[in-house]
Structure formats: structure tokens, C-alpha cells
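Peer 1: Here is what each chain is made of, one letter per residue.
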Amino acid sequence: MSIDLARFHQAFFEESFERMDAMEQGLLQLEGGADNAETINDIFRAAHSIKGGAATFGFAAVAGFTHHVETLLDSVRNGSRGVDKPLVALLLRASDQVRALLNAARDGGNADAALSLQLQAELQAALAGDTAAVVAAPACAAVVVTAAAATSGWRIVFKPHRDLFASGNDPLRILRGLGTLGELESELHFAADLPGFAEIDPQQCYLSWTLRLCGAATEAEVREMFAWVEDECDLSIAPLAAGPVESAEPVHVNVVPITAATPVAAAAVAAPAAKSRAPAESSIRVSIDKIDGLINLVGELVITQASLTQYTRGLDPLVHERLLASVQQLEHTARLLQESVMSTRMLPIDSVFSRFPRMVHDLATRLNKQVRLQTVGEATELDKSVIEKIGDPLTHLVRNCIDHGIELPAVRVAAGKPAQGTMTLTAAHQGGQIVIEVIDDGRGLSRQRILDKARANGLVISDNASDSEVWNLIFAPGFSTAAEVTDVSGRGVGMDVVRRNIESLGGEVELRSQEGEGTSVRIRLPLTLAIVDGMFVDVGGETFIVPLIGVVESLQPAPEQIRRIAGQGQVLRLRDEYIPVISARELYRVPGAAREACQSIAVIIEADGFKLALLVDDLIGQQQAVIKSLEAHFRRVFGVAGATILGDGRVALIIDVTEVVRTCGRSLAA
Amino acid sequence: MKMQDKKQAPREYLSFTLGAEEYGIDILSVQEIRGYDVVTRIPDAPDYIKGLVNLRGTIAPVVDLRLRFKLGRADYDSLTVMIVLNVRGRVVGIVVDSVCDVVPLTADQIAPAPDFGSSFDVSYLQGLASVNERMLILIDIEKLLGSADVALYAPVAAVPPSAIAA
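In the order they appear, the protein sequences are chains A and B. For the record, in the first sequence the residue sitting at position 512 is 511 according to numbering that gives the first Met the number 0, with numbers rising by one throughout. For the record, in the second sequence the residue sitting at position 162 is 161 according to numbering that gives the first Met the number 0, with numbers rising by one throughout.
It is worth saying that the hints were derived from the structure and are not from the lab. Beta carbons are placed, not taken as given, at the ideal position from N, Cα and C, and that holds for glycine. Any given hint might turn out to be false.
Stated by the list, open to error - A few chain B residues that don't get close to chain A, going by computed Cβ distances all over 12 Å:
1) ILE26
2) GLY126
3) VAL130
What the hints assert, rightly or not - One-sided excerpt, in silico: chain B residues whose CB lies under 7 Å from chain A:
4) VAL37
5) ILE41
6) ASP43
7) LEU51
8) ALA59
9) PRO60
10) VAL90
11) SER146
For reference, chain A alone in the conformation it holds in the complex (with noise of 0.2 Å):
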């Protein structure tokens, strides 16, 4: 199983030094005196994420680190401790140790123990406010050293002989054996007299391997693994030393996860055996830049396409047919290319969900708890982009859910339902989205706990406050209440992340619950980052670009469907509904006298479950868009989610709803 986990260590590992990035950003602004609640939050929650994802990985040595920086973060956060410059030193110096347990995680070395001991005590004396005790720390350091560095595990060369496959023997299944003592890390050497590929005898053996293992196995243990072959091989084992005597090796020859060094063994004995079994190569790996080119490209394509077939729209169709049915030829097929080059981003979501088994295992495992976990819809593709993204915010809710939505076996027993706590993990594409769910059959919230908690931390919430309205409390930073913190969660920065990571990809997230019974978590997002269906819509002569995701209809107000409320600005009155009025005009600063809003065109817009009419002067029609980061060559713009490129070379504003409608829409209802 542990193998298992290796194929998400470069993606961990690639996450958390961004997120290194991040925090020490965030770090040396604070030092450049910006003193904002949000660069903390930012740097702790690139902590806790970094910690979150090295205890799933089993990376203890970093995450054990890391909770000691999170720790002290937490103290800045609420405000119990000041920064200063003394502080963010630390804090920096804490973040290289960080990064190197990183980098030792990953390159499978040994990062400065003592150091890590020498930092923690320095984070735990500036948490007490005692800079005294950093003094007393290397004594206490030393000491832990070598319980640290004595990681176990084993350095096994296996050198067979020639004529092992005589014998029956298949090196491969004693690697499969080893495989399942602990995490094995395979070197493939091959023969120095390695004959060219005709002269290859398939019934003798090249290969040997350098082979690490590390777990708890002993020697015997590992030793009998080898028991068939101990005479037709050169074995050596000696137990794992330290990464200096690993580096210190001239050269490694080829470092890969067993998972994929077995078959390019099996595949190099077999080959000439088996020619028809050789695996059909039905894929190739292609890295992602090339794919973004090819994208970039055909959006381009897709913009010149449509620039031409508004140029040759006025043509007479008589004189020009064939010109004209090229160019509907042309928009044909470059649709079908733009569809199928968007198809090559798209992944199932298998692979964000394989990852889970194995954590609620280890989850429920270490809390006591059972838990079963179902997923449906596993094969659900979409883009690579959002699979991506989507794999934290996950990882947060399945472990809010073992943690705290599944109840110990006792409870769940004294209240009626079954020991084993179900969860389960659903993606589906409904409209142009996925939406993904996780369903727990749990305690459920409870939303007095909830308003307690949100009073103590002061925030003003009235006892009728709708359920949604209550919910909606725990997606605030720093929201939890949980009793007491534990290394799983419990700090109260799940939430407000998933909510977070979830919107910058343009999606929502949607909450029920019912106490006693359950939690549901509702993920929409949009199936791809790079192309928005969107209403085309014209303001004062600019256009601007709705995406249709956040779009409930469009009509045009009749004169009574307006009201206007003193110094509140005016409401759509909408069967039943009233619905803040806000014009894009003014919105946008569109230059020029504003319709009276009977004239206008209202796009209710919704986002939060929240309404907003948007007053614009003319609907030009819906289109796909291809969205472009605005930010990639200047800063964010309010209410803008990005741009586009319209058939005539133009640039257009995508507008940001849900960034509008929050804005907006509440400090109009307020």
C-alpha cells in the first residue's frame, strides 16, 4: 500500500515548496512592516497545509517541524503574540529547516536533526516569550539526535547470477516481497557486459539492484525474502545509515519508485520471450507546457476563425460560395480541434480520489474509529487544472469529516446506528460542471455549538438566523469548534481554505447538515479553467462578458417591477422576490448617461445564493470565451475575473459574479 502513496510524493512536494514560497513572501512582508491579518492567515495556512499533506505522507519529520512553526503562528494569528523582527527571523531561519526536511523527504537523505531540535526550542521559548530558554536547547538537542537518525531500514545489494531464471526464480516477486515490509526504493543496475539486444539470451539474468528499504522489517525478516535465491546471488544487507554515507555514492544510477521499476524489469527479461505481450503503448506522457501551447495556439485559431467569419458575413453569398463555404468549413473544424485539444487536459477524477482510501484508513486507524469510504463517479473527467486544485480542498472536508463528523463506535452504537461510520466521495458533471460531494453519516453540525463559538469569537449572528446563514459561520478563518486542538485538525483553517482554493477556480461551495445525522459538502465547479461559457452583454458601448455559470435569466424590468428605496438605490421586484439593482455602468465606470432601468436589460446574477440584478443596455448573445489571467501582465482588477479576446481583436472584461454579487449585493441588503 505504501507504494501506493509514492505517486502523489512529487505532487506533495512540488505543493508545499510553492507554498514555501508563499509563506516566506508572506514573512519577509511582514518584516517590510506590513502588519495585516491576511498575510498571517496566508503564512499559516501554508503551514498547516504542508504539515496537513507530510503527516499524510508520512513525512514525520516535517510535519512534526512544521506544527511547531504552525503553533507559533497560531499565537501571532490571534493576536496573543506581536511581530517583531526578532520573531520573523525565527520564523524564516524555521522555514529553511523546513524546506530542507523537505528536500530530505523527498531526495530520501537526512536533513540536520540537531537544527530542527535547536529551532523547535527556539519556537517553543518565543511561544512562552522566554528567549532564555534557547540557550538550554542544543544540550537537549543532542540527546534526541541519534534517536532520530536511527531510521530504519535497509541497504540490500542483489547482485543474481546468471543463470537464476534456471533455477525458477523471479526476481521480481522478491521484490514484490520486499515491497510489502516497508517503502522500497529501487537502483536498477545493469550488467557491465550487457550483450547488444540480438545477441540477448532471454534465460539469463543482467540485472541487479540496489535496494532500499526502510521500515521496521529486521534482518532475518528482509533475509528470508532472499531464502530461494541465496546461492545464486551476491547479496549483501547492511542497515540504512545516514544520508551522508547514501550521498556520498558515486553516482545513482537510475532512482525510481519500485512501482515502475518492476515492469521495466519484467519487461526487459520478458521481451524477447513474449513479443506479443509487450503492453500497447495507447498513451504517451507529454508534459503539460506543450499541451498549454497547444491550446494557446488553438484559442488563437478559434479567435482569427471567428474574426474571419465576421468579415465575410456582408459578403454576397452568390459571387463568394465557395470562399464562404470554406470559412464554415473552417469554423467547423476548429471547433472540433478546440474540443479535442481541451479533451487531452481532461483526467478522471480517480486520480485526486485514489488518494483518500488509504488516508481515511490511517485517519480512522489513529482516531479509533471505523470508518467505511464509498466513491462514485470516479471515472467523471475534468480539466487537469482544476484536478489539480481540487485535490487540497478535498483532502480538508475527508479529514474535517473522520475527525469530526464520524463519531467513536460507542457513540454511534448508543445512538442507533451502525459502529462503522460510511463515508462517501461523489463526482458528477451536471450542466457545464462537475459537482463533487462528500456525505458523512455523523454527528452532523450542531448549530448551538456553532453560535456559541461565533459569539465568543465576536462575531454578531441573531439566534433566527437561518441554518445556511449558520453554516456559512465555519468557512470563516479561524473558525472551529472543535474542543481541543489535535494534529489532524482542529485549528479552524480547513474551512475558510476549502472555501477559498474552491472560489479562485470559480466554483462554490454548499453545505447541509442535519444534527445527529450527517454532513453533505457540495462542490460545483466549472469543468475547465481556460474556457467560460459566457452571456456576451453591452454596456455603453464596451463589452463585457457574464459567465453564464452565474447567471439565473435575463429579462427587461417593467417601469412597476421597480422600486426604489430610500438611500438604498432601487429593487427588482421578481415574483415575489426583490432583487438589489446594481448597473454596470456605475459598476464598471462606463463613461456616459445611465438608462433609466426600465430600458435596460437586468441579468439577475447569483452567487452564495445570493441575487443581484445587473443592469446592462443589450444582450449580444452567448459564446464560449477563452479566458486570459489578467494578472499575467498586470494586477487584478475589481469585479473582473479576467479577459478575453473578441472576434475582432478587441479586448472584453469577464465579469467576476461571484466577486460582484458579494460585494455588491450585500452592502446593498445590509
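Following the hints, position chain B against chain A.
Peer 2: Frame of chain A; chain B shown alone:
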């Protein structure tokens, strides 16, 4: 990049005019020169940020330096020129009155900038150079466009790394 050809090798500067003054920028940061195009207005942007323009698929902001420095009149006609710069991977267009020529300058031809009360902050000045009786004001374009008061970019840390790569 080529820092080793230090002192004596001349660096080339693109010179352009803004009002009555002649300015120069490092030619290595210039990507292309083109006519002024239709721009898409950006809501709430200062007046010298004219808007966004499509440069063959790249969406880039356009800054009118004439408005930024409050020099001369900012007319837009068929002769108005936009210099497209690529500064550290960020593409930006600047509108100027006219582009003059390319001037090679060695380090000793460039004098440090005095505090001569120009209409912009001296910290963006790289120095002054005189070429054939003309005075060339050399601008550190990276500093100028990156400065907070131009408000072209978000504060450094707020830009996600992925956005720069995009």
C-alpha cells in the same frame, strides 16, 4: 545576461520624445514598436493607464507616458506610437509622441542624473547622456513601471507565481 561585456562595450538605447524632451530606454527591454490600437478601458484605472490591448493573444496594459508625466498633449492619431516592452516577462505598451532612433552609449557617456526638477521622480532616472548636442534622459523602465504609484502591478507578494508563468 551579458554582464561580462561591462565598461567599454556600448549599450544601445531606444530614444523617443515626450513633449519637448527626449528620453531613452534600454533597447533590450523593447519587444516591438507598433501603432496605437483600440484599447479596452479598465474600470477604476488611473487616466494614464489607457486600457488593455491584444498583442497577438497576449493581453497587455497600455500606459500613456505623456499623461503619466503630464507632458504635452496626449493626442491619438495614425502617427501615435506604442512601444511594446517586455520587462521581466511582463508585457506592457507605452504610448509616446514619437520614436527617434537607436543610440549606442558607453558607460562613460552617461552622467548621473542631477536633481533637475523634472516632472517625475528622480529615482527612475538612470542618468543623462548628450548625443550630438541633444540631451537624452535615460529612464530605468523597470523601476518606473514597477513602482507602486504607477499602480500597474499588484504588490509583489500578491501575484501568484502561476499567474506570471501564464
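Peer 1: Does each hint hold? Answer for all of them.
Peer 2: These are the hints, each one checked on the structure:
1. ILE26: holds, 20 Å
2. GLY126: Since the minimum Cβ distance to chain A is about 28 Å, B:GLY126 lies beyond 12 Å and the statement holds.
3. VAL130: holds, 32 Å
4. VAL37: holds, 6 Å
5. ILE41: Holds, about 6 Å.
6. ASP43: holds, 6 Å
7. LEU51: holds, 4 Å
8. ALA59: B:ALA59 check passes; min Cβ-Cβ to chain A is 5 Å, inside 7 Å.
9. PRO60: holds, 4 Å
10. VAL90: holds, 5 Å
11. SER146: violated, 13 Å
Of the numbered hints listed earlier, the single one contradicted by the structure is hint 11.
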